[in-house]
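> Now for the letters of each chain:
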Amino acid sequence: MQLHKSNTLTFFAPKTYNNSGAHFFDAGISAGFPSPAEDFKEQRLSLDRELVKNKEATFFARVSGQSMIGAGLDDNDLLVIDRSLEPTNNKIAVCFLDGEFTVKRLKVNAEGIWLQPENPNYPIIKVTTENDFVIWGIVTNVIKKV
Amino acid sequence: MFALVDCNNFYASCERVFNPNLQGKPVAILSNNDGCVISRSDEAKAVGLPMGAPIFKWDAFCKTNGITVLSSNYPLYGDMTSRVMSILNQFTPDVELYSIDESFLEFKNFKADYNYDDYGNQIRTRILKWTGIPTCVGVAPTKALSKVANKVARKFPKETGGVYVIDTEEKRIKALKWIKIEDVWGIGRGLTKRLKLKNCKTAYDFTQLSDNWVRKNFSVTESRLKRDLEGTPTLQLDDIKTKRAIATTRSFDYTYSDINYIKERISTFATSCAEKLRKQGSSCHVIIVLLSSDRHKKDLEQHRGSMAISLPYPTNSSLIISNQAVKAVTSLFKKGIKYKRAGVIVSGLVPTNNFQLNMFEHENPKHKYLMHAIDGLNTKYGDYKIKIANQDLKRTWKMRQERLSPRYTTNINDIIIVK
Numbered sequence: 001m002q003l004h005k006s007n008t009l010t011f012f013a014p015k016t017y018n019n020s021g022a023h024f025f026d027a028g029i030s031a032g033f034p035s036p037a038e039d040f041k042e043q044r045l046s047l048d049r050e051l052v053k054n055k056e057a058t059f060f061a062r063v064s065g066q067s068m069i070g071a072g073l074d075d076n077d078l079l080v081i082d083r084s085l086e087p088t089n090n091k092i093a094v095c096f097l098d099g100e101f102t103v104k105r106l107k108v109n110a111e112g113i114w115l116q117p118e119n120p121n122y123p124i125i126k127v128t129t130e131n132d133f134v135i136w137g138i139v140t141n142v143i144k145k146v
Numbered sequence: 001m002f003a004l005v006d007c008n009n010f011y012a013s014c015e016r017v018f019n020p021n022l023q024g025k026p027v028a029i030l031s032n033n034d035g036c037v038i039s040r041s042d043e044a045k046a047v048g049l050p051m052g053a054p055i056f057k058w059d060a061f062c063k064t065n066g067i068t069v070l071s072s073n074y075p076l077y078g079d080m081t082s083r084v085m086s087i088l089n090q091f092t093p094d095v096e097l098y099s100i101d102e103s104f105l106e107f108k109n110f111k112a113d114y115n116y117d118d119y120g121n122q123i124r125t126r127i128l129k130w131t132g133i134p135t136c137v138g139v140a141p142t143k144a145l146s147k148v149a150n151k152v153a154r155k156f157p158k159e160t161g162g163v164y165v166i167d168t169e170e171k172r173i174k175a176l177k178w179i180k181i182e183d184v185w186g187i188g189r190g191l192t193k194r195l196k197l198k199n200c201k202t203a204y205d206f207t208q209l210s211d212n213w214v215r216k217n218f219s220v221t222e223s224r225l226k227r228d229l230e231g232t233p234t235l236q237l238d239d240i241k242t243k244r245a246i247a248t249t250r251s252f253d254y255t256y257s258d259i260n261y262i263k264e265r266i267s268t269f270a271t272s273c274a275e276k277l278r279k280q281g282s283s284c285h286v287i288i289v290l291l292s293s294d295r296h297k298k299d300l301e302q303h304r305g306s307m308a309i310s311l312p313y314p315t316n317s318s319l320i321i322s323n324q325a326v327k328a329v330t331s332l333f334k335k336g337i338k339y340k341r342a343g344v345i346v347s348g349l350v351p352t353n354n355f356q357l358n359m360f361e362h363e364n365p366k367h368k369y370l371m372h373a374i375d376g377l378n379t380k381y382g383d384y385k386i387k388i389a390n391q392d393l394k395r396t397w398k399m400r401q402e403r404l405s406p407r408y409t410t411n412i413n414d415i416i417i418v419k
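Chain order of the listed sequences is A and B. The first sequence: position 47 = 47 (full-length UniProt numbering), numbered continuously. The second sequence: position 348 = 348 (full-length UniProt numbering), numbered continuously.
Source of the hints: derived by calculation from the structure; they are not laboratory data. Certain hints may be false.
As the list claims (entries may be wrong) - Label-pair ranges, simulated between beta-carbon atoms:
#1 161/B - 146/A: 44 to 52 Å
#2 47/B - 124/A: 38 to 46 Å
#3 417/B - 70/A: 15 to 23 Å
#4 76/A - 304/B: 51 to 59 Å
#5 331/B - 54/A: 52 to 60 Å
#6 76/A - 336/B: 55 to 63 Å
#7 146/A - 129/B: 28 to 36 Å
On a predicted model such as this, the values are computed, not experimentally measured, just so you know. Glycine residues also receive a C-beta, built at the ideal position from the N, C-alpha and C atoms.
The following block holds chain A by itself, in its conformation from the complex:
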């Protein structure tokens, strides 16, 4: 049933039926004990659904090196990257810096942008106008083999 029509949107209401007629049970009627699980069937878990919020903007990358071990990113781990997320302070980002991809924690304040590793053996990098620098995407998940 049509409720309202404007230039851009038409609203409908669902049509209701009187409850006449019989219900159809497709669970199978057996003479024994009914399956107690039948009422609790749900969709199977899917890692895609859990890890990929925006599939058009999601890409994967592989970690190489130790610079982010403090954040749980180890050598050879798989990263899930969402390019649609806004880069903000404290997010872990995949960046392209002077010809190379790098993954670091973003530190952003009034004075500028820093790329902070999570390993005391690595230096903090200050991004200046001299650098060839792009924030490529934001890391949302890390997948590791155990």
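With chain A held as given, fit chain B onto it using these hints.
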């Protein structure tokens, strides 16, 4: 209103997303088998690398000019296209993928004073941010005009910001006077010649011709194109979509003078055409087979030939198309010639469900079920598990791809590495 969204230098742009070092530098992409240049970045165009350049002749030029030359990476380009497509679908449900890098959008039931400049910008910004692919957006009341608007946006990136909307009569006329007749959508080389004789140099000149003259001298498509350019929407989404011919032609990796090898290739190309026919719901009346030696090797004996076969009834059966194509190539073949290129083109297409019945000639009705079963199995198991016996069972699409970039988005072993 319609929009044409065009990905700028699509293949080069896809490569640049995963290799930002190529940003701002000349990039060229090669055809299947690394034969010739099929796509160039603006920088490669600027240094003078021509479209279609056979790479073995231009290799030195590319080196001197610092052009990065890559094999075509279709798994990557295909994945990026489908991402762009589904982002476009967020802006309107009416999207027509026109080619791998161009889509038409239709905005039905949008308010008359809708801000398309702003909407076009949102489209552009979202595609660029989410996928890294730069695009240009042209918006206009008709499909043909949206193509023109897109060209304006592409040509004047600074002034337009990559988005151009033709929404007044003044803008329409200005754009049509700017665009050369040969750059108008659907005006081919032959038509350009005839129109120039009539002193018709721009799209605007074309719209000034009399309807009668255009109808008399050209086909219905040109009459409709004229009305579209005049601002009356005549072409709808999908109108030019059903292809009028399907071609599978390839250069071989080496030259071959063995008839059996060439028969096998032709059979494979024919099967591929038949499969494409079935996919779009068409059947063909005509099969054209091409065979050619290496025209770059002037010292060798040259031979080029083609043969068209008219069928008594339209078909999309792989068995029939393949058989006919093999027969044709057998009669084209000359002993002693080193062949480098072959192809199969199917033409005279009709929708499969409504062709005219012929009382005497009939395709074996079993073919339809057989083809259906073959397509089903090949889709399910991939890799062309079912082949016709004259195709080489072990050979798939062996391509020469010496400069292939990784399949960044479709193979887990090929994803980017970050330090």
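> Of all the hints numbered above, which does this structure not satisfy? Sort the numbers upward.
none
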